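Engineer: With the hints as extra help, turn the sequences into a complete structure.
Residue numbers (our numbering), protein chains in the order written: chain E, 1 to 414; chain Z, 1 to 399.
Treat the hints as calculated values from the structure; they're not laboratory data.
Here the structure is a predicted model, which means the values were calculated and not measured.
Beta carbons: idealized from backbone N, C-alpha and C, even for Gly.
One or more of the hints may lead you astray.
Stated by the list, open to error - Simulated crosslink set (DMTMM-like; lysine to aspartate or glutamate; CA at most 20 Å straight-line):
id, chain 1, residue 1, chain 2, residue 2
1, Z, LYS276, Z, ASP337
2, Z, LYS72, E, ASP397
3, Z, LYS188, Z, ASP147
4, E, LYS151, E, ASP98
5, Z, LYS298, Z, ASP337
6, Z, LYS72, E, GLU249
7, Z, LYS46, Z, GLU32
8, E, LYS414, E, GLU44
9, Z, LYS46, E, GLU249
Unchecked claim - Not everything, but these chain E residues come out facing chain Z in the computed CB check (under 7 Å):
id, residue
10, HIS101
11, PHE105
12, MET138
13, GLU139
14, GLY143
15, GLY206
16, ARG207
17, SER210
18, SER211
19, TRP230
20, PHE246
21, ARG248
What the hints assert, rightly or not - Which chain E residues stay away from chain Z? Per the calculated CB distances, all over 10 Å, these:
id, residue
22, PRO49
23, MET90
24, GLN189
25, GLU350
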Amino acid sequence: MNFRFSNRLYVAACWIIELLLVAGTETTQAQKSTVTDKNIKFIEYPDFPEAHSTWGSIGYNVASNTVHIGVTNHRDNIGLYTYEPVQNLMKLNGFISDMAHLRQFQWQGKIHSKIVAAPDGSIYFSTDGGESREEYLMEHPQGYGGGFFMKWNSKTGLQNLGMGMPYESIKDIDIDPKTGMLYGITYPQAHFLVYDPAKNHLRDFGRLASSHVPRILFTDWWGNCYYVDWRQRLVKYERDSDSLVFARESLPAFPGTPGSKIITGVTAYAKDEANGIIYLITYGAKLIAFHPEKDGIGKVTDLGGVIETGKAEAWGPYVPNLNIGKNGKLYYIIGGHGNYVLKDKTVLVECDPATGKKTILREYPITAMTEATGCDIRDKDGNLYFAARRNPSAKGDSTTPFLIQFNPEKEIRK
Amino acid sequence: MRNFFKKILLPLLFLTCTSPLLAQYTFFTPKEAFAIEVSLPNSAEKRLPMYRNAITSLTVQGDRILGGTTAKEGLSPYLFVASISGRKLITTKDLQESIPGQKSIATGFCKGTGNKLYAGTMGQRNQLAGHLLQVSIGNGDAIEVKDLGIPVAGEGIFTLLSNREGTELYGISYPSGRFFTYTIATKKVQVFDEVAPKEKELNNLHEYAVGPEVYLCKALIQDNAGLVYGSTAGNRVFAFDPAKKTFHFLETPLPAVWGREVLGQVEAWAKAPDGKLYGGNAADGQLFVLDPATKKIKNLGKPMMMARLQALAFGRDGRLYGLAGGAPGYSHLFYYDDKGAGFVDLGNPEFEMVAPGIEQGILWRGFQLSTLAASNDGKYMVMGEDEALSQLMIFPVGQ
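Structural biologist: What follows is the structure in structure tokens.
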């Protein structure tokens, strides 16, 4: 995720202290629930032995009721997978470098963006360098040329739509499903891009962030797109006015939240269109209900922390994922990048936004699940999906990716 | 032997590789460096609006930083004042209120007499004419602007310099690249064609598909003898004698990478205490030194991989600080110490920014830094960003 090393050291030190404090509260948080291992399935990615990880690179395609995942060796090869829940079939469609006819000097480290779908069943995503050589080598022979917008369709294959900015990754994208307009955010300079693939028209709206690039873009049901500035204020690309609108106030944060967490903004979202709410999680571990409005920014409601942290800092937990069940409850997995609310464990949490109650449903050692991503991914049967990885040795960064299928309301056929 | 390699040599090699790799995550963050939030949309704080705040002109007067901006096409630029000791933006002035229809204040600020400063503007694409401005910081840090008119009919002001006495201005017009003089007391303008590209040169430039932004002289400087130096298309350096009103061209060209002479353009100058003139060439980002006594140019090399060398200023430590590189990619801060380490690439600066609403401080990393100015005492270096939302970045210089 290109967190800087200095931050890693700092975060690791903070978490070691926090873990010692949190250990005593573990049993008070775990509560009984009806969710068992039968509600969860771990699905492996075939035909890619050196697969290392998945990032934000997951999305749901309503037209085909399929889940799409970009799986990387975190160096120069990315497999594009499709999971068909009805057939319980995980399939490798091919590798990005081959399908997009990329030359060696156009290497891509990963897909960091989510995978978004158009009504015709095509999916869109963007590519990312994902390594230090991206940010520092630039013009050098093995440096990074830049990230691409890409389109894939099961019938027509992969189409490379072109580069966003020279030397820059495209960390996240989203789509206006009505117009097909794509929105993108670049790394490391955090430029907001608006791209019309139908006209091949790309516009750069400029730099919006500070020393760390907030990862998440999301759209509302009118096709407006949201990001955050360095003060963790929502920034809306308003489709009708074709301009950026900045919120007056910052999103809620716990007192004492460090600036490094403020500038990273939102890490996950899930939409409840029926009730007009987009749920957000910040890097400072706040759960927020955002009520978008067609014109202007809209109301924000603070739903508290993502979990009760006891004596540990409330802004500490790291949550790079969020899904909403058919039951209206929110589900997320806490942990990753060295941050764990329980010692060396990721936890699956259920939150009932009606009551604000948060319950740890399952706990996983990091050897079984070290981190999960994925926002707003639910299939027709109410199954929720997370793009996860595990670290079997619990050492270093030797991870392997897998897909989580989770249904909070019924057992999953295995 | 295999075990020796696997168990001893390989780990040793790994360890030796580790520290330089980790060093990539360091940034230039000296103690007491800070950023000032100058631009922020939709705020109760005094801030510059989006797309009108690319900081393209800077000067420091005591504790006060005076900045001029460049706006996106169709929008008007700003002037602003910030305080170093207060670490905040104090005053802003929309140039549209004084001189409508301008796009850019990119000439920097030239010093006249009585704390008066001078700058030139560029007009919008469909109305290029630029104005000479007289600017001063008045009571209560109010920015006072006086319009001195259009020195070259139909042309913008691409470059501006004042003489040592603060009585005369020298400039380059845009897009024709004509040299002009402006006598402040009499408002007399003289325009010269000697350094403007000729038809043959323009034909050659057309083959390279480059515009006036690339080949016109972006910075002028005056030596201790009074000669004014600048560059012309074709990688040449000229000297203008204000007393005789004559031009001559130096025998030594600007440093160039073979085949890229067409990109030769001085875009920054700084005069050393010994009177030597240090310049930055946009073409391939070389730093060079011009000895006014011999009129020879010496190529000092490149501080970083990329083209551009947009700003230069001497600090009180005797080092020459500069901004190299730029879009695409991003600029690096460097210093050149001819008595010490030579070039030192400081990379990207990353300074703490504290402002109402972000009292805990956030880190601001500079990518597109294009302006740099030293305080009068050389204690502070002030850098301005060239972004959609640009901020000031300031660091102290040692003795």
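Engineer: Confirm or reject each hint.
Structural biologist: Quick rundown of the hints versus the structure:
For a cut-off of 20 Å, the pair hint linking LYS276(Z) to ASP337(Z) stands: about 14 Å separates their Cα positions. For the hint pairing LYS72(Z) with ASP397(E), the CA-to-CA distance comes to about 44 Å; that exceeds 20 Å, so the pair is violated. Between LYS188(Z) and ASP147(Z), the direct Cα distance comes to roughly 15 Å. Compliance with the 20 Å bound is thereby established for this hinted pair. Between LYS151(E) and ASP98(E), the direct Cα distance comes to roughly 14 Å. Compliance with the 20 Å bound is thereby established for this hinted pair.
Proximity of LYS298(Z) to ASP337(Z) is assessed by CA-CA distance (about 15 Å); at most 20 Å being required, the pair is judged to hold. At roughly 26 Å between alpha-carbon atoms, LYS72(Z) and GLU249(E) are farther apart than 20 Å, so this suggested pair is violated. With a CA separation close to 24 Å, the supplied pair LYS46(Z) and GLU32(Z) exceeds the 20 Å bound. Between the alpha carbons of LYS414(E) and GLU44(E) the distance comes to roughly 13 Å, so the proposed pair stays at or under 20 Å and holds.
For the suggested pair LYS46(Z) and GLU249(E), the alpha carbons sit about 15 Å apart, so the restraint of at most 20 Å is met. A distance limit of 7 Å between C-beta atoms decides the matter here; for HIS101(E) the minimum to chain Z is near 23 Å, and the interface restraint is violated. The interface hint given for PHE105(E) is violated, since its Cβ lies 16 Å from the closest Cβ of chain Z, which is over the 7 Å cut-off. At about 5 Å, the closest approach between the beta carbon of MET138(E) and any beta carbon in chain Z falls short of 7 Å, and the interface hint on this residue holds.
For GLU139(E), the interface hint holds, the least distance from its beta-carbon to any beta-carbon of chain Z being 5 Å, beneath 7 Å. For the restraint placing GLY143(E) at the interface with chain Z, the shortest Cβ-Cβ distance is roughly 9 Å, beyond the 7 Å limit, so the hint is violated. For GLY206(E), the interface hint holds, since its Cβ comes within 7 Å of a Cβ in chain Z; the closest pair sits about 2 Å apart. For ARG207(E), the interface hint holds, since its Cβ comes within 7 Å of a Cβ in chain Z; the closest pair sits about 5 Å apart.
For SER210(E), the interface hint holds, since its Cβ comes within 7 Å of a Cβ in chain Z; the closest pair sits about 5 Å apart. Restraint check, SER211(E) versus chain Z: the minimum CB separation of about 4 Å is within 7 Å; hint holds. A least Cβ separation of about 6 Å between TRP230(E) and chain Z falls short of the 7 Å threshold, and the interface hint therefore holds. Of the supplied interface hints, the one on PHE246(E) holds, with its beta-carbon coming within about 4 Å of a beta-carbon of chain Z, less than 7 Å.
Checking ARG248(E) against chain Z by beta carbon gives a least distance of about 6 Å; that is within 7 Å, so the hint holds. Non-interface status of PRO49(E) relative to chain Z is upheld: no Cβ of that chain comes within 10 Å, the nearest being about 23 Å off. With a least beta-carbon separation of about 35 Å from chain Z, MET90(E) lies farther than 10 Å from that chain, consistent with its non-interface assignment. For GLN189(E), the requirement that its beta carbon stay farther than 10 Å from each beta carbon of chain Z is not met, with the minimum near 5 Å.
GLU350(E), annotated as away from the interface, keeps every beta carbon of chain Z farther than 10 Å; the closest lies near 32 Å.
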